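Work out the full structure: start from the sequences and follow the hints.
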Amino acid sequence: MELDNIMQIAGLVAIFIGIATIVVAGIGLFNLPDLYLRASAVGTSAGLGVASIVVGALLMDFSWLNLLKALLAIVAQMLTSAVGSMAIARSGYLNGALPAAVTHTDDLMKTRRDNFS
Amino acid sequence: MSDIVLETALILLGVGMLLAAIRAYIGPSINDRAVASDLIFFAFIGFIALIGLRTNIEALFDIILIATLLGFMAALSMARLGTGGRR
Amino acid sequence: MPNHKNSSTALWPWRIITFLFWYAKEFLVANAQVTADILRPRRRMKMNPAIIAVPAASESSAEWTLISCLITLTPGTLTLTISRKHRILYVHGMFADSRESLVAEVQEMENRMLRAMRRSPGDLSRPVQVPVVAPEDKSPGGDQQ
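Chains as they are written, first to last, in full-length UniProt numbering: chain U, 1 to 117; chain Y, 1 to 87; chain Z, 1 to 145.
Calculated from the structure, these hints are not laboratory results. Since the model is a prediction, treat every value here as computed from it, not as a measurement. Beta carbons are placed, not taken as given, at the ideal position from N, Cα and C, and that holds for glycine. Treat the hints with caution; some may be incorrect.
Listed next, the in silico DSSO-like pairs over lysine-lysine satisfying Cα-Cα at most 30 angstroms (straight line) [unchecked claim]:
#, chain 1, residue 1, chain 2, residue 2
1, Z, Lys46, Z, Lys25
2, Z, Lys85, U, Lys69
3, Z, Lys25, U, Lys110
4, U, Lys110, Z, Lys85
So the derived label-pair ranges between C-beta atoms look like this [said to hold, decoys possible]:
#, chain 1, residue 1, chain 2, residue 2, range
5, Z, Ala36, U, Leu72, 48 to 54 angstroms
6, Y, Leu10, Z, Ser61, 39 to 45 angstroms
7, Y, Ile22, Z, Ser125, 47 to 53 angstroms
8, Y, Ile48, Z, Ile16, 44 to 50 angstroms
Partial list, derived from the structure: chain Y residues whose beta carbon lies under 7 angstroms from chain U [what the hints assert, rightly or not]:
#, residue
9, Leu12
10, Gly14
11, Ser29
12, Asp32
13, Ala43
14, Ile45
15, Ile57
16, Ala59
17, Phe72
18, Ala79
Here it is as structure tokens:
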């Protein structure tokens with residue numbers, strides 16, 4: 001009974017950490033100036049946000065099979081979200097979304113053709 | 001007690017989703033929209049987890065596993081749509 | 001290049017475990033950094049973004065894929081594209097104060113990853129000078145398929 005209560009509370013704490021990460025990423029979508037920085041902000045919620053929500057749900061509803069499924073889900077989420085955000089950033093660069101003015105070096109600019117955008 | 005906390009968590013998550021939806025609505029280019037819809041999807045996974053905990057769904061972790069496995073398809077096809085098939 | 005003692009002489013499974021713990025620590029630190037920077041008001045943001053060409057030592061397709069996924073997964077750094085022919089990773093860094101700091105960060109991660117992935121670490125040398133990549137007619141923006 002005691003252990004059960006502790007796990008419930010730890011699960012709620014983990015869920016709230018994840019939700020805070022997602023809300024902060026939502027604020028970052030407005031606060032940050034260009035596509036690449038926004039993609040970085042969403043990257044926090046893609047990794048830590050979803051992972052800690054899944055861990056929280058696991059702590060609140062624990063069984064060994066659920067542990068296996070949750071671990072698989074976290075690994076899948078991390079690999080696939082990395083692929084997704086790489087694809088979006090790459091297509092943004094191909095599409096001519098220029099980095100904001102605070103970006104001090106742009107090595108990729110040298111490889112662009114002039115008649116590109 | 002735990003039910004009220006879960007409902008508060010759902011409301012907070014809804015706020016995050018709303019922020020992302022506004023960005024997806026006003027986003028100047030399709031890539032900004034793609035990033036915002038990515039965030040909406042992550043918030044949606046949170047929604048599934050919270051609603052599943054609230055109503056005691058048996059297959060909760062199966063749903064989460066499938067959602068995380070297939071979620072990046074949306075991001076990939078939005079990226080593909082943005083460049084018009086060019087890689 | 002940073003020289004890690006005993007990481008290449010340790011047993012192979014042990015190297016994988018150390019790498020996972022090191023990566024988890026980096027991941028949490030980067031998350032905290034990015035979150036703190038978003039919540040600052042716009043005047044006092046510490047970010048200093050840049051797109052830097054980083055010379056890489058990876059060889060096989062699996063290594064290229066894994067290193068670009070790991071870089072993207074760390075919040076604040078983002079792989080835009082790679083050029084396997086010139087052995088370059090194009091990395092967008094959010095807290096890149098200078099070219100050298102971002103290059104050192106990415107190359108340290110790659111060194112540790114290659115030591116964990118390969119049974120014997122092998123060749124970790126990289127070209128010192130970044131080759132000039134001219135645009136070609138065939139494949140716009142690199143040769144990643």
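Hints, one by one, checked against the model:
1. Restraint check for lysine 46 (chain Z) and lysine 25 (chain Z): satisfied, since their Cα atoms lie roughly 21 angstroms apart, inside the 30 angstroms limit.
2. The hinted pair formed by lysine 85 (chain Z) and lysine 69 (chain U) fails the criterion: a straight-line CA distance of about 39 angstroms is larger than 30 angstroms.
3. In summary, the hint linking lysine 25 (chain Z) to lysine 110 (chain U) is not supported, as the alpha carbons are separated by about 35 angstroms, beyond the 30 angstroms threshold.
4. Between lysine 110 (chain U) and lysine 85 (chain Z), the direct Cα distance comes to roughly 16 angstroms. Compliance with the 30 angstroms bound is thereby established for this hinted pair.
5. Between alanine 36 (chain Z) and leucine 72 (chain U) the CB atoms are about 31 angstroms apart, so this pair departs from the stated range of 48 to 54 angstroms.
6. For leucine 10 (chain Y) and serine 61 (chain Z), the hinted distance range of 39 to 45 angstroms is satisfied, since their beta carbons lie about 42 angstroms from each other.
7. Between isoleucine 22 (chain Y) and serine 125 (chain Z) the CB atoms are about 49 angstroms apart, so this pair conforms to the stated range of 47 to 53 angstroms.
8. Between isoleucine 48 (chain Y) and isoleucine 16 (chain Z), the C-beta spacing of about 32 angstroms breaks the proposed range 44 to 50 angstroms.
9. Because the closest C-beta pair between leucine 12 (chain Y) and chain U is about 5 angstroms apart, less than 7 angstroms, the hint holds.
10. Given the 7 angstroms rule on beta carbons, the hint for glycine 14 (chain Y) is violated: about 10 angstroms separates it from the nearest Cβ of chain U.
11. Interface restraint check for serine 29 (chain Y): the shortest CB-CB distance to chain U comes to about 6 angstroms, inside 7 angstroms, so the restraint holds.
12. For aspartate 32 (chain Y), the shortest C-beta to C-beta distance to chain U is roughly 6 angstroms, which falls under 7 angstroms, so the interface hint holds.
13. Checking alanine 43 (chain Y) against chain U by beta carbon gives a least distance of about 5 angstroms; that is within 7 angstroms, so the hint holds.
14. Interface restraint check for isoleucine 45 (chain Y): the shortest CB-CB distance to chain U comes to about 5 angstroms, inside 7 angstroms, so the restraint holds.
15. Contact between isoleucine 57 (chain Y) and chain U, as hinted, is not supported at the beta carbon level, the nearest pair being about 10 angstroms apart and thus beyond 7 angstroms.
16. With a cut of 7 angstroms, the hint placing alanine 59 (chain Y) at the interface with chain U is violated, because the nearest CB-to-CB distance is about 10 angstroms.
17. Given the 7 angstroms rule on beta carbons, the hint for phenylalanine 72 (chain Y) holds: about 4 angstroms separates it from the nearest Cβ of chain U.
18. A cut of 7 angstroms between beta carbons decides the hint on alanine 79 (chain Y): the least distance to chain U is about 4 angstroms, and the hint holds.
The structure does not agree with the numbered hints 2, 3, 5, 8, 10, 15, 16 stated previously, though it agrees with the rest.
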